[in-house]
Structure formats: C-alpha cells, structure tokens
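K.L.:
So the chains spell out like this:
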Amino acid sequence: MKTTRTQRGLGETQAPHVARTSRTAPPARTARAVRTPGGLSLRLDVRLLTVVVLLVLAALAASVVLIGTGDFPIPASDVLKTLVGQGDRGQEFIVRELRLPRVLVGLLVGACLGLGGALFQSVSRNPLGSPDVLGLSQGATAGALVVIVLISGGATAVTLGALVGGLVTGLAIYLLAWKQGVHGYRLVLVGIGVNAVVTAVNGYLITKADFVDAARAVVWMTGSLNGRDWSQVWPLLALCAVLLPLVLGNARGLRMLEMGDDTAYALGVRVERVRLLMMASGVLLTAAATAAAGPVAFVALTSPQLARRLTGSPGPNLVPSLCMGAALLVTADWASQRAFGADQLPVGVVTGVLGGGYLLWLLVTERRKGRI
Amino acid sequence: MSTRHDPGGQNPRRSTVNRLSADDVTLAYDQRVIAEQLSVEIPDNSFTVIVGPNACGKSTLLRALSRMLKPARGRVLLDGQVIQSMPAKKVARTLGLLPQSSIAPEGITVGDLVGRGRYPHQGVLRQWSAEDERVVQEAMAQTGVAELAERHVDELSGGQRQRVWIAMALAQQTPLLLLDEPTTYLDIQHQIDVLDLCAELHEEQGRTLVAVLHDLNHAARYATHLIALRGGRVVAQGAPDDIVTAELVQEVFGLRCQVIEDPETGTPLVVPAARAARARAAHPRVGATEAS
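Here the protein sequences line up with chains A and B, keeping their order. 191 is the number that my numbering gives to position 191 of the first sequence; each next residue is one higher, with no gaps. Plus 372 on top of the position in the second sequence (first one is 1) and you've got my numbering.
No wet-lab data here; the hints were simulated from the structure. No residue lacks a Cβ here, since even glycine has one placed at the ideal position from N, Cα and C. Some clues are possibly wrong.
Covered, in the sense of this in silico footprint (three residues per stretch, anywhere, with C-beta under 8 Å from a C-beta of chain A), are these stretches of chain B [stated by the list, open to error]:
| id | segment |
| --- | --- |
| 1 | 467-478 |
| 2 | 588-594 |
Every beta carbon over 12 Å from chain A, so not counted as near; a handful from chain B, in silico [to be verified]:
| id | residue |
| --- | --- |
| 3 | Val405 |
| 4 | Ala444 |
| 5 | Arg447 |
| 6 | Thr481 |
| 7 | Gly487 |
| 8 | Gln499 |
| 9 | Asp504 |
| 10 | Val607 |
| 11 | Asp614 |
| 12 | Gly638 |
Build out the structure end to end from the sequences listed, making use of the hints.
P.N.:
Here's what the structure looks like:
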C-alpha cells in the first residue's frame, strides 16, 4: 500500500527531470534490452555478444586446424567434409576416433578452466583468486600422484584420484577461509597457503616414486591432451550440462556480490548460498578439467582477465571466459604440436609460458595501480 | 521524553504500529555482546538519526534493522513479520541499505551501477524492463548524477561517488532506506550535500530514512527523530528540539557543552565547552542550556 504511494509520488515529482535529462544525456550503454509485450525482458550487451560469437568462431576454427594437424596432415576442407560424414574411410578413422575426441577434450577442459577461473576470481574479487593460484590444480595433482605413486593405479583410477584430490582441496580451502562468511583476501591467502602445502606434498610423492612412476607423474603434471579419447569427453560434457545452467541461472547474484557482501545483502541476494554454489561449481569444474588433462597451467587465471578486457564489461563475464578458455586451450595445443616441431611438447608447457608472462604483466600493472 | 514525530501522519492500516522495529533484541558478534534487550521503533515517515559515541552499537543496530545481523535474542519486525523469516528479495523491495563500504566493480559505469539497484525487482526472464529503465533514470536525475551516466565510477570524486551509491539505493525503490554513516570520508560541503539530498527524499517522497551519523549537529539539524545510544542502551529518543540538551550530551558522549539555537534553522546546536572550562570541572555553570 505504502509502496505504491511512494512510487506514484516518485513518478509525479520526477517526470519533468526525466524529460530534461533524456534530452541532454542518452541512456547508459549497458541499459540495452530486448523486450516483448508479455513482460519478458532480456539484457543485451552488443559488445559482449560480439566477443562471444568471435571467440566461439575462433575456437571452432582452431579446432578444425588442430584436427588437420599431425603426422598425417588433413586439409581443413577435408576435415569439415569428414565431420559431416563425407570424408573417405581413412580420414574418417583418424578424425573421428583419434583427433576429434582429443580436440573436444581440449575445448571442454579449456571451457571448464575458463569458467572455473571466472567464478573464483569473481567470488574472491581478485584476479589472483584463481583455482591454479589457490592450489586446486595442485590438490588434484596430489590426488593423481597418490594413485600413480602409492598404488600404481590405471588411467581411470588416476582420473578419479585427481577428481577427489581437487574436491578435498576445495573443501579444505572453503572451511579454512570461512569466518563469518568467506572474504576475498582471506580466500586468496588461505589458498596460497594450501597451494604451498600441497606442492610440498607433491614434491615428496615424486621423490618417493620409482623411475617409471616418476616419469609418468611428471608427464601428467605438465598437463597434456595426448591420447585423450571419447571416454574423457562424456563425463566432462555431462558435468558441463549440469553445472552450466545452474551457474548461469545464479550469475546475476554473483554480479551483485562483486559490490561487497553488505550491498549484495541489501539488494536481496542470499550471499552465502550463492557464494557456496559458485565456489562448489568452480571446484568441480577445475577438478574435472584437471582430472581429464592434468593441471594445464594458467588458463583459469588468464581467460577471465582476457575476456574482461575484450568485453570491457564489469561483472564476472562467465560466458566470455568460458569461450576464451576453450579457444586458448585449443590454440595452445595446436601451437605445442605445430610450432615446436615435435608432437610431444605437452600443452601445459605452452599455456605455462604464455600464462606466466601474463601473470608477471598483471602483477606489474596492478602494482602500478596500487592494488597489490 | 520521547515524542513521536510523524510528519506524514497518514498510515491507514496501522496507526500505532510502525513498519520497522527492533523488539527486545540482544545483538552480538560471536561472543561479544554489543547490546542487550534493546527495543527501538522507527517512526513511519520519519528521518530518524541514530547517534552515540564510538562503539555504542549504532552501526550494529542498523545492521540488525537491515537483517544483516541476526539478533541472538529478540526479533526485528518489518510490517509485523520477523525480518529473517521473510524472502530476501521481498525485504529488499521494502527496505534498502546503504552500507558503510561498498566496492565499485572495476570499470563499471555510473548507469550500470545504479541499474544494479533494480536487482530485487528483476528475475531471469525480467532482466531489464522499461520500468527499470525509467526508475534508474529518475534515481540518477534525483541525485544529480544523470550527466555522469556514461562515466566510470572509479574516476569520480568522493562526493559524486556517494551520490551514485545513493542513486543505486534509490533505484531499489524502497519506502524505507537505511544509511550507515553516509557522510564519512566526505568534506564538509559534500556532507551537507548528501544530508540535503536525504532531507529531500524524506520530505518530498515520504520515505522513511534511518541514518547513523557521527556529527551531532548534523543529526540535530536534519533528523525529525533522534535516537541516542550509549553502551548498547537507548538513552533518549524523540525530536531533536525536545531531547538535545547539555545534560544529554554529557550523559551520552561525556562531553561538557552548551546547547544553543542554530542561527540558521533554530534546531539545537552543540557547542563543546572550551578546554579551560572543561578542566574547571568544579564550575557547573558551563552546562547552561537554551534549546530545551
């Protein structure tokens, strides 16, 4: 009752102001929307949409090139023909059974890492609050190393071990960082501490290992897409299918959280619930990606930052980060196979070199801005 | 001592019960108790200001009133319902809060930030309605930041930034608005500027405002209802004209002073006693009061 009175009062007193301002200042850029007569309205950010479309195209183009790359090169046109079922039998086998699953795993791992990174950086309100800095990747590695070194388990066991390791680490970080809610700096500091501890454990496990296990562990730890097949594609795809709607459905709450807990609370966001959901999703995505490809360095850290610089939009930029991660990883995999001649340079080395440089640049510029 | 100040006066549904109140609440962080058995009524359509010395629990009370702090005992009532039991978005459409510190996300524009105030009115399928657009434009016009709509928040001055945050709270369109020290960190003309804006919102739109303020003279000038806290207890409440006396200031802040009439507005004006006079504690004549 009171509300309507106030609202009407607002409209009446302010109508002339509005007319005046709308002549002098156009409505804000971000306030664009598609509206239907039924009351449906969707926000529309043209630049963000363009970036997403371009990134998807880039990821797909890189995928086609990557499928054509290898000991038996296939031209892009043949790759496309084969993908729609028009290729010859030999190419069909190479594309469908050998290279397509590897590329799909690459796309999915990149997407998971990009999205997981965006979620964590948004929750911690810090570009350094990313899963690879917080020790989640190291945690997954520890899980995998335990399986490789202590019980000499097979590939499936290693994957499961990595998954469990990532989840346990995520839970530990959340519990250690929890103090009347989780706060950004606390989360980053606790995460860095956890990272150090787990890295030490990993070092110990490697020294304990015999020669064969140690070699296997080191390859795993660099992060590689070599020999990935369909059995890695389906679980990742299923996880994305479940988590993506959940995360995107709550993305608006996450946007509000970036303004501080109090402001988000005042706006009616269920702060701790949204944060727990986002962190849990981030942990799952990162752990699953690491389990599938090993700890591919720095994709989670860089994708959200690069995506944000492209879209120029504040907020978590979840979808652009996801697309950026996918595009980055596939491109890095292509680079590692192609540019370095041999087909044995794992993709993690390339992302590590690129991402490490980026991290340095970020630290230097952030320092100049006085934020670190 | 406590006079209900109710300038609007019209509330057909409940003439005696106010929309927002704290009923016998005990407020504590972990084990540290800030206030016990505290009861406060926020008169409808008032501009209520909570004052008191540092650590008297005024911000804590505001947090409890805005359901950010769950009382250890007792309850905060909004429209007759326990505030914690209400859906978060429903509360956010009735009661707004401007916290002491908020973070402007990197690279956000004024228009975008103010637009975020519409969150409690939106949903997945109703992301940016024509109504949202209109209300945001209004909120920006009202706070005088409409020309800044395209600017980045991080390049604004402190005073402009506070106006932007107030605009965001206004875009929330709540009949009740709580402000936690809205003038802190602002220089004097921007402090007055923000308080003028608050008075405008209160007078012209009949919003109920609750603010925590540090400056007693600002409180006495702008409030229609004053709540003085000390050590988690309400020492006095009522219209500033009725309650601000030298004795009250002495009791609440432990400061010897004179209370004279503000030459501009006629409201009570607190003038702290000179250092020498305060030192001469034996001479009680310093405590002369005029406004009461």
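K.L.:
Any of the earlier hints contradicted here, and which numbers?
P.N.:
2, 6, 7, 8 and 9
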